[in-house]
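Chain by chain, the residues:
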Amino acid sequence: MSDFHCWAADRIAGAVGSGEVTAETVARHFLERIDRLDDKVGAFLQVDTQGAIEQARAVDRDIAAGKPPGPMSGVPVGIKDNICTRGLPTTCASRILEGFVSPYDAEVVKRLRDAGAVILGKLNLDEFAMGSSCENSGLGRTVNPWDPDRVPGGSSGGSAAAVAAGLATITLGSDTGGSIRQPAALCGVVGLKPTYGRVSRFGLIAFASSLDQIGPFAMDISGVALTLSVLAGEDPQDSTCIAASVPDYLGTLEGSLEGKKIGIPREYFEFEMHAGISQCVERAAQVYRDLGVEVVEVPMPHTKHAIATYYLVANAEASSNLARYDGVHYGHRNQEAKELVEMSCRSRSEGFGDEVQRRIMLGTFALSSGYYDAYYLRALKVRQLIRQDFDAAFEQVDALLCPTSPIPAFRMGEKVEDPMQMYLCDIMTAPASLAGVPAISVPCGFVEEEGRSLPVGLHLVSRPFEEETLLGIARAFEVRYEGSGRMPAEVL
Amino acid sequence: MELEVSTVKHIAHLSRLELSDSELERFRGQLMDILTFVESLADLDLESVQPRVHAVEVTNQFRADHPHEPLGTEEVLAGTADRQGDTFRVPVVVDTEDVLED
Amino acid sequence: MEYEVVVGLEVHAQLATRTKMFCGCPVRFGERPNSLVCPICLGLPGVLPVVNESAYHMSLRTAVALGCELASFTKFDRKNYYYPDLPKNYQISQYDLPFAEGGSVPISTPGGEKSIRLVRVHMEEDAGKLVHTPLGSLVDLNRAGTPLMEIVSEPDLSSPEEARSYLEELKRMLEYLEVCDCNMEEGSLRCDANLSVRPVGQKELGVKTEIKNMNSFSGVEKALTYEAGRQIRTLVAGGVIEQATLLWHEDREETSVMRTKEHAHDYRYFPEPDLSPIVLDAKKVEQIRGELPELPRTRWQRFQADYDLSEYDAEVLIRDRALADYFEDLAGRVGQGKLAANWVTNQVSAVLNERKIPVAECPVSSDRLSELLLRVDSGDLSKGMAGKVFDSMLGSDASLDQLIEKLGGGQISDPDTLRPLVEEVFGEQAKIVEDIRGGKDKAKNALFGKVMGKTRGRGNPEVVRGLIEELLASGS
Ligand SMILES: [Mg+2]
Ligand SMILES: [Zn+2]
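Residue numbers (our numbering), protein chains in the order written: chain A, 138 to 629; chain B, 116 to 217; chain C, 10 to 485.
In case anyone wonders, no lab produced these hints; they're calculated from the structure.
All values derive from a computational prediction rather than experimental measurement.
Cβ pair distances, simulated, as ranges:
no.	chain 1	residue 1	chain 2	residue 2	range
1	B	Phe152	C	Glu187	54 to 60 Å
2	C	Pro367	A	Pro373	32 to 38 Å
3	A	Lys475	B	Ala157	43 to 49 Å
Derived contacts from chain A toward chain C, CB cut-off under 10 Å, selection only:
no.	residue
4	Cys221
5	Arg338
6	Ala343
7	Asn458
8	Ser481
Just so it is clear, CB atoms sit at the ideal spot from N, CA and C, and this is done for glycine as well.
Given the sequences, and given the hints that come with them, work out the whole structure.
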């Protein structure tokens, strides 16, 4: 039995590309693991066994025929189930889209396929990406591979758990206020949210259009770097995805940090925080100091307003984005209603879970006549101030450093009844989303809770479209961190 | 922030959600908590601040007026729960307030 | 008390692009339902809109022609409302920063020229089509996403007739600009009206109602006449006007209340996050300005001046840009504006109306017609004969000479050909000639009739009369 699940993505691509192993062998290895382990983890909503083997065989055939191998040849990937895949159900983990099959592939899925990646299936999430624990999924339950009584984080909980449990080499998630970074932190893997506009959103089911961004998860930074090289770049189908040149992120990872400066935003540390987490992050800062990087405090004065701003902006957009699910053209329809408005209302109330309904209501309220100026417009203005905080900070430093989450993975059910508590999970990640800047979560230690080791994530943020810098800085830490690559014993 | 039940009902209607009385009451409480929390923004002086809609500054993105192949009627109608011939069918519209739009 | 009517119009014009506003689906009328639909205009999960550049340029072209002020920065907004013909349940439109504001449309009124000011012009997408049946409503999304331009006038119109003139002028302009085919039956030009009345002399506007569902120019005029009458009667009877949206029913020729003020929508407009804003390109505007065609009103004035046409004739000619082009080509070839105008407004128009065909499909080209008119102008053909030749041209490609020959020849205007015939008649009718010379002037007609008889009606009457006088004078 081989250990492909411990291989980095570029190693798999290299071995498959050179014919050393076949993509099919690799795919079967992962499918077997999913078959054996995913009952416990619950990362996948759909496993496309047949399709994955067919894709793998096609990759092998192309390589055997002498075609130049794609950069992700044979790399097994999982896709968050809010990203459209042609021919496979795409549900957003919502009953309202149960059974929905998209007639088209998302641009990122197309790019992955073209790069030779093998799609294993679709991953669980909080319904419509709304949540920080994956508990809001209407279709499945995902646990944290480090402690099955705890949540994997969210909303891309399935994507983070799948990588942590070695069920996929790379997974795609989406991040609106922290939905890649927070679960990456809670599951002890690397998760990257690229700059807004770096990766096409075409085919990503919108939660909040001005914030949503697709990004990769991997066991290590090389994996997210390789994947970003494949995903990034202009897409004429997405007006907000810009034409900036895409560097070879993998090739530039090992650059020197000479002259780099890292900022510690004081305000982030004013929030209530798990003591073990602040220690881990402080140790990480020390690693950079030891490397000769200047670490300075920077002010980010509007940080405390980020959550309020985020929930107004995101949910206002969501209330409109989710209006299309009314049972008319596709998706769940209530069959009893005799009248149109009743049909739409019932279909939606039956199809959407509580959290989604709550957010639609909040967003509708923030946009409604008489409240727009006081809520939505105000939030847009604070969003500007938050962006200005980042712009000012990046005049001084190349990256910002803080924890990804103020708390480690929490127990299932602990926060479900209190939406406000759940919202505060995004306290460290939402500002970068509002500003549209790239950010990454990298494993940086463990805290002990009730006899369990729970992973801690280091959050690094850099200037727009400077993922290269961000990845390089993250990589410098990764190679010096002794816990890198550690997997949860439970699922090995 | 205090929310009237009637306001919550109105918002539910605008959102096309059918809520039971107990759901309405529960949502009312939760929405009030959230709105109270977001009221912290009211303290900021935002007079001279320009609202920011987009995270990225890009303008004038267009596509050429070239036709693409449509999906095909069958695929368009594939997802609907009720069709009649080549059209989507929905229950009758009773509420005349919505008959025509601009 | 005397009342005056105050009307403002909102016109939705479908832009004449090949594809929809935000996706590449073809725009066509009358196709199989739901056959012109893709994931984007179906509003499937995950899709994104991208602005059709031609739609934007056509909108700019219109705004430049209307004299609007172009916004240096414009953006799209979402207008949120639930309706099954609106797949996303929001319409992408423009709210607080339309791409064009101001501008005007000139119209003629019985009291003289009048300029109707515009509030704004904006771009948006159309909804699909909904057919209500007792067993439910049926949705066809072929039209969903079609690019529209909404043109909103100030309440500068003072009568239903003015409203109609405004619409007609606007329609002509859009046609001349080639930005809209303006087919009201197919819905490519639609109009809603806001109407109020007030006592003459009062400054403040009365309470207005909005009237929808008017599907023809005459429908607009009728609906506004009806609604103005209703409002005035209400006020005269001591009632009050309630702000409401009304539906016009063409069949019953009356309006019904669609919604009242309490049921006003809360559209929750907000900036469309999926689309980037548009910054005005001054160079493009200059290019568009340079390429503007002559507008109908300018042409109307020029036709009167250059071809010495009446207001009415010029108006009939410019109504249709292609007809005006046909006329100009014809007039240029014949060198006689009035003659050309007469033929175009009579014979040619009659054929087009009868056959319900556009000018482009007229069986007699302006080139061919010009040959005929040149013969009329030179006197080689009588008017009656020319009419017959024209009719035969409609069904035959034969040459003009062949057609004239077939119909018994052309007019005889040559005095040398006619003189022997006149002399013959003088010889045969000595009695009549004598009577005339004795002062019986009326007898000339008899003489004339005899000569025409000899030409089988083809003699040029003027030349024949001239020859008769000539011979009488010569005394021979
Ligand atoms: Mg409109
Ligand atoms: Zn389309």
